[in-house]
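Quick note: to get the working numbering, add 2 to the position in the sequence shown (first position is 1).
Treat the hints as calculated values from the structure; they're not laboratory data. The structure presented is a predicted model; accordingly, all values stated were derived computationally and were not measured. One should not assume that every hint holds.
[What the hints assert, rightly or not] As a list, the in silico DSSO-like pairs of lysine-lysine whose alpha-carbon atoms are at most 30 Å apart:
no.	residue 1	residue 2
1	124	47
2	66	6
3	6	86
[What the hints assert, rightly or not] Computed Cβ-Cβ distance ranges for the label pairs, DEER-style:
no.	residue 1	residue 2	range
4	99	51	34 to 44 Å
5	31	119	13 to 23 Å
6	97	62	32 to 42 Å
7	19	51	21 to 31 Å
Ideal Cβ positions, reconstructed from N, Cα and C, are used throughout, including at glycine.
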Amino acid sequence: MIWKNYTVTGEDVNDVMVMENTAYVSYTIRLLYRFLYENGFSREKLTTLNLGIQQGNHGLVCYKNLMFTEPFLVEMNQFNIEDKINFKSAFFNSKNECCAEISSEVQWFDSIHMKTVATPKKILQHFSVKS
């Protein structure tokens, strides 16, 4: 559905220069925001709509370590939208080997009413829903 190239930075790694689990989550959420931006929903627009993303559960399966300064690609490829948005992302190294897969769950949060809300219809139309 959407992909982007990145490079593992010093902020992403532990003391032995291996990318940490929290970095995988961070890149996945970053890619979600990029997808929203490309479909007309910048962070500023979401703020004016009083919408935010509330992160839920994440499941990471790591097949091969990504190391400091290593280029990689993140591909977000599956969505299931109900009360929550569940999606999967895959991380590939420069040899196009799948290094990790992450399943993520997010919800929309209404900052005025301080509660989670269903995905707005304006945003929902941009997702290709897969079960």
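Hints and how they fare:
Pair hint residue 124 plus residue 47 holds up; C-alpha atoms about 12 Å apart against a cutoff of 30 Å. Between residue 66 and residue 6 the CA atoms are separated by roughly 19 Å; this keeps the pair inside 30 Å, and the hint holds. For the suggested pair residue 6 and residue 86, the alpha carbons sit about 24 Å apart, so the restraint of at most 30 Å is met. Here the CB-CB span from residue 99 to residue 51 is close to 39 Å, well matched to the stated 34 to 44 Å.
One distance hint, 13 to 23 Å for the beta-carbon pair residue 31 and residue 119, holds here, with the actual separation near 18 Å. A hinted range of 32 to 42 Å for the beta carbons of residue 97 and residue 62 is inconsistent with their spacing of about 20 Å. Between residue 19 and residue 51 the beta carbon distance is about 40 Å. The supplied range of 21 to 31 Å is therefore violated.
Of the hints listed earlier, those the structure fails to meet are numbers 6, 7, in rising order.
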